[in-house]
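Enquirer: Chain A is fixed; fit chains B and C onto it per the hints.
Chains as they are written, first to last, in our numbering: chain A, 1 to 438; chain B, 1001 to 1300; chain C, 2001 to 2276.
These are calculated hints, taken from the structure and not from any lab test. Misleading hints may appear alongside valid ones.
Quick list of in silico lysine to any residue cross-link-like pairs, SDA-like style, CA-CA up to 20 Å [said to hold, decoys possible]: (1) A:Lys-255 / B:Leu-1140; (2) C:Lys-2191 / B:Phe-1202; (3) A:Lys-201 / C:Pro-2044; (4) A:Lys-374 / A:Thr-288; (5) A:Lys-417 / B:Leu-1066; (6) A:Lys-190 / A:Thr-249; (7) B:Lys-1098 / B:Phe-1202; (8) A:Lys-434 / A:Thr-232; (9) B:Lys-1098 / C:Pro-2044; (10) A:Lys-261 / C:Asn-2236; (11) A:Lys-376 / A:Met-348.
Estimated spans, in silico, between C-beta atoms of each pair [said to hold, decoys possible]: (12) B:Arg-1203 / C:Gly-2133: 51 to 59 Å; (13) C:Gln-2099 / A:Gln-97: 49 to 57 Å; (14) C:Lys-2262 / B:Trp-1199: 27 to 35 Å; (15) A:Thr-384 / C:Phe-2047: 38 to 46 Å; (16) B:Ile-1052 / C:Leu-2023: 51 to 59 Å; (17) A:Leu-371 / C:Gln-2062: 30 to 38 Å; (18) C:Leu-2074 / B:Asn-1285: 44 to 52 Å; (19) A:Gly-196 / B:Trp-1068: 36 to 44 Å; (20) B:Ile-1052 / A:Gln-97: 26 to 34 Å; (21) A:Phe-73 / B:Asn-1285: 53 to 61 Å; (22) C:Leu-2023 / B:Phe-1207: 27 to 35 Å; (23) A:Asn-124 / C:Leu-2023: 58 to 66 Å; (24) C:Gln-2062 / B:Arg-1203: 21 to 29 Å.
Pulled a few chain C residues facing chain B out of the computed Cβ check, cut under 10 Å [unchecked claim]: (25) Leu-2021; (26) Phe-2090; (27) Phe-2154; (28) Pro-2188; (29) Leu-2228; (30) Phe-2257.
Every residue, glycine too, gets a C-beta built ideally from N, C-alpha and C.
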Amino acid sequence: MKRGVGIGLVVLLIAALGGLVWWMQGGQEQASNTANSDEKVTLDFWSFWGSETRRPIIEQMISDFNESQDEIFVKHTFIPFGDIWTKELAAVASKNQNAIPDVVVGDINAIKLRGQKQQVEPLNNLVDVNALQGVMHPEAWDAVQYENETYAVPFTMDTRLLFYNKKMLEEAGYTEPPQTWADLTEMSEKITVKQGNTFEKVGFYPLFGVGTDVWLINADGRNYITKDGEVTINTPEDREALEWINEFTDKMGRKEIDAFKAEFGEQQANPFLSEKVAMYVDVATFYTQIRDYGDHLDYGVVPLPEREEGSGHYSWSGGFALEIPKGAKHPKEAATFIEYMAGKEAQMYWAEKNFDQVANQEAGRAVADQLEDKEKEVYEVALTAMENTLLTPVPVEVPDLVSLVSPELEQATLGKKTPEQALQAAEQKVKAAKEGAQ
Amino acid sequence: MKNPLRRADTWQGYLFIMPWLIGFAVLTAGPMLFSLAASFTDYDMTSRMNFIGIVNYTTMFTKDDLFWVSLYNTFFFVIWSVPLTTVGAMILALLLNKGIPGQRVFRTIFYLPAVLSGVGVYLLWMQMLSPSSGLVNTMLGFIGIDGPAWLADPNWTKPALILMKMWSVGGSMLFYLASLQSVPKTLYEVGALEGANWWHRFRYITFPLITPVVFFDLITSTIGAFQIFSEAYVMSEGGNGGPVNSLLFYNLRIWNQAFEVYNMGYAMSMTWFLFVIVLLLTLFNFKFAKKWVYYEGDRR
Amino acid sequence: MKSLRGSNLVVFLLLCLGSVLILLPLWWMISTSLKPMAEILQFPPTFFPDDWQFSNYLKTWQAAPFTLYLVNTLFITLLVVIGNVLVNAFVAYGFAKIQFPGRNVWFVILLSTMMIPGFVTLVPQYILFSRLGWLNTYLPLIVPAFFGSAFFIFLLRQFYLRIPNELIEAARMDGASHFYIWWHIMLPLSKPILATVAIFSFNGAWNDFLGPLLYLNDETKYTLQLGLQVFKSEANTQWNLLMAGSLIVLLPVIVLFFIFQKYFIEGMDLSSGGKG
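Chain A on its own, in the form it takes in the complex (with noise of 0.2 Å):
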């Protein structure tokens, strides 16, 4: 080998080692730079808010905390989006204090089933329980709750609701927006303009952005399994559900919707902004990107079709809670910083900004009386909504439901089973994991 080779590896080395020693200094350096600050207790905020709309808002919403005390500080970290849970997991299940942060933006569906777990501290003794049941939405608060402890404190929710493109209605005769499934079937064939085998524009289609599962809330207002324990898929509402989404399919055909549908993949081309759909489920936030992106659009919104008069406009919401991680330094602290992010200051700092649905129901009462023009009415359809809302938390006898169940309700509806045998498959196999938990 020839020498310049050789001396090029050894200069590599040292500088290799160079940097090591390098960077071990840092890490000194950062541990007196904590040192300096204990007079006030540091807390770890982690979150996945980091792009550039979002992370402005909750770092002011920080900065205002940190102002306001004189024995807390919170320092704020963006960790990406699901990968975050993963992070805060490995870190709760090394016990070692100095990993485990304090504070946590989680997945409210998730709560109980990591209460259960261990993953995260029970807060009956940390926070006013009283004060805030009596404004967080029920059924968020529900959701934080196992075995009489509460696990976290509801932040955020994004309940569906129904956008409509009131041109397009109107071209096809509709001054009114559907009120029932009936309603939605009618006034889509009418819309619906299909082109040899492609579709020039579309009414309605159930399972554009959302899932079978919303429509199977949406038909009784009943989760999988209910409160009380109870397995609740073969019902006749379900069934109906399915049989109704499969008319739409059949009618359309499934080829062609499933083209159409695929188009619009992954976020990116929008069939509503592009006019090529009349009648579309969104979140409420929804409203920012046609806003930004389409303001050509004259459109309405209302809360989710019922299944029929009088059934219930039943809707389904996921959202975020915030959590002490299990074995976090300063619970006491943390929960004191919780509670001011669920109070109805910092909420409706939160729903404004972002246009978002927050769980405390005074703060968003007190955003939608504010609001003006079309932001007031589309938040105040979310806010109505949000009374018929129902958030799916994994259940603790089963967490593995959605992957029992979801498969056969696919069988479903591309036609592999009718409703009828694949609800009854559902319902079995959930039964029997139940039961084999017992």
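Expert: Just chains B and C now, with coordinates in the frame of chain A:
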């Protein structure tokens, strides 16, 4: 005379593999053994770890339908993707080693997909595979084929993923390229004198000399294919397994069990079952390799 | 370079076609990166942007401290590549060219470390690194590279096995140590494959996501791949900026590859290079 040299060889051998041995002992062996032990418990990472014997394993074989679904999906993927990507990479390397004008540019282009990673690529594929406006079906349309709905059709989701793997075959192409550099040119000259055609040249000169790399590619891409995960995770909307669980691969099932429902003990027992399969397959390959892999170093 | 005639012309045309198949999807990435969000949301998607937004690239770079992330990533990647090339080449020699008791058993164990998916040992490994006090440092990302990786050791072993044993035996007779043989005979003979190892480990460290995600807690220590995640969120992804960012991150890897390629062309002719 021979003995001292041999003894010297023993300690020198261990000296050479020492860095790996230390790393294995300190960094890898512990977590691996831990996961083996935990596969006999109800470990959930945070609240419990009780010995439950072989319950995880019996549940897996007798009660869990999705285990069998995921095993089937994974085998399907391995059986198709391993031969296709191995042969594909080899052909590509042969073509890119002929001294064609612009060869360096071509090599870079074909290597590109292997560099691209992350969610962007998978989303790019979703776009390409979309049934009517996607690039793949547009191309198929040119030759008169009415392309399937790919990711929307449970029968076509796995072929779609295999297609994706083929696209990024430029990665393993590198191993073949590197190995082709050491095929002596003189051998071809001899071959040409004897009037050998391209197939003979490949079959009797090139191929035997690159068998060590073919073998390497075969083993590692088999191990890799059994562990297919991130593609399926992204393309099935957060790991739900795609239409009718057609993309529920073994590792996706393990992930869901471990990090969605925190059945870590169960996830680990699934892992070790697959480990045994892959290990046996690999050992069999090593035995079988003696028949076709040719190491120049061994010739006497 | 040969002229373009006969079979070579066919190959050339085939390669052109293949390149188009690879570059078209890539063009879609480039074109997305140059569109405003409003255009991305429109249907049907446009092949060329209607409204070319070159400023997206500047916006991307400014959306997070990417210059810092670049420095961090370079630092990690450089050390990982050095570790991987040197250590794996060293260990592989032991497995390929030295006879010692237990070699085959260790080799099987080496291979078996590839057969356990990383996320199964993720938690125990995290616990291990946390006990070592390595959290929020680059050590968990760099140090393992200096202990060898099964994939590269196996690859290099396959290459070493092709090098005639006579070469080594002759050198041993002359009193050369194995270390001397490795350094003076093996390494020079294996440049193409060392280049491959370098390219691969660069690529791996550069694109690593899970490692930095788990072990880095300070945003000032983040890498490019973590930085790119700011464009994704639970609801609205900024596709144009995400694509622009991915392309910027891709560029150094392509340049590196183009340069390193020369080692493939400078291959070694074993039969004329050795004595036997």
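Enquirer: Regarding the hint that Leu-2021 of chain C lies at the interface with chain B, is the smallest CB-CB distance below 10 Å?
Expert: holds (8 Å)
Enquirer: Would you check whether Phe-2090 of chain C satisfies its interface hint, that is, whether its CB is within less than 10 Å of any CB in chain B?
Expert: With a closest approach of 6 Å, the Phe-2090 of chain C hint holds.
Enquirer: Do the numbers back the hint for Leu-2228 of chain C, that is, is its least Cβ distance to chain B under 10 Å?
Expert: holds (7 Å)
Enquirer: With a cut-off of 20 Å on the C-alpha distance, tell me whether Lys-417 of chain A and Leu-1066 of chain B pass.
Expert: holds (18 Å)
Enquirer: Tell me if the straight-line CA distance from Lys-190 of chain A to Thr-249 of chain A falls inside 20 Å.
Expert: This hinted pair holds, its Cα atoms lying about 15 Å apart.
Enquirer: Given a hint of 51 to 59 Å, does the C-beta separation of Ile-1052 of chain B and Leu-2023 of chain C actually sit inside it?
Expert: Because 54 Å falls inside the window, the suggested range holds.
Enquirer: Can you confirm whether the C-alpha distance between Lys-261 of chain A and Asn-2236 of chain C stays at or below 20 Å?
Expert: holds (19 Å)
Enquirer: Is Lys-255 of chain A close enough to Leu-1140 of chain B, meaning Cα to Cα at most 20 Å?
Expert: holds (17 Å)
Enquirer: A range of 26 to 34 Å was offered for this pair. Does it hold for the Cβ distance of Ile-1052 of chain B and Gln-97 of chain A?
Expert: holds (30 Å)
Enquirer: Tell me if the straight-line CA distance from Lys-376 of chain A to Met-348 of chain A falls inside 20 Å.
Expert: holds (14 Å)
Enquirer: Grab the minimum C-beta distance from Phe-2154 of chain C to chain B and call the hint holds if it beats 10 Å, violated otherwise.
Expert: Since the shortest Cβ distance to chain B is 6 Å, the answer is holds.
Enquirer: Cβ-Cβ distance between Thr-384 of chain A and Phe-2047 of chain C: within 38 to 46 Å?
Expert: holds (43 Å)
Going through the hint list in order, the structure does not satisfy hints 2, 9, 18, 24 and 28.
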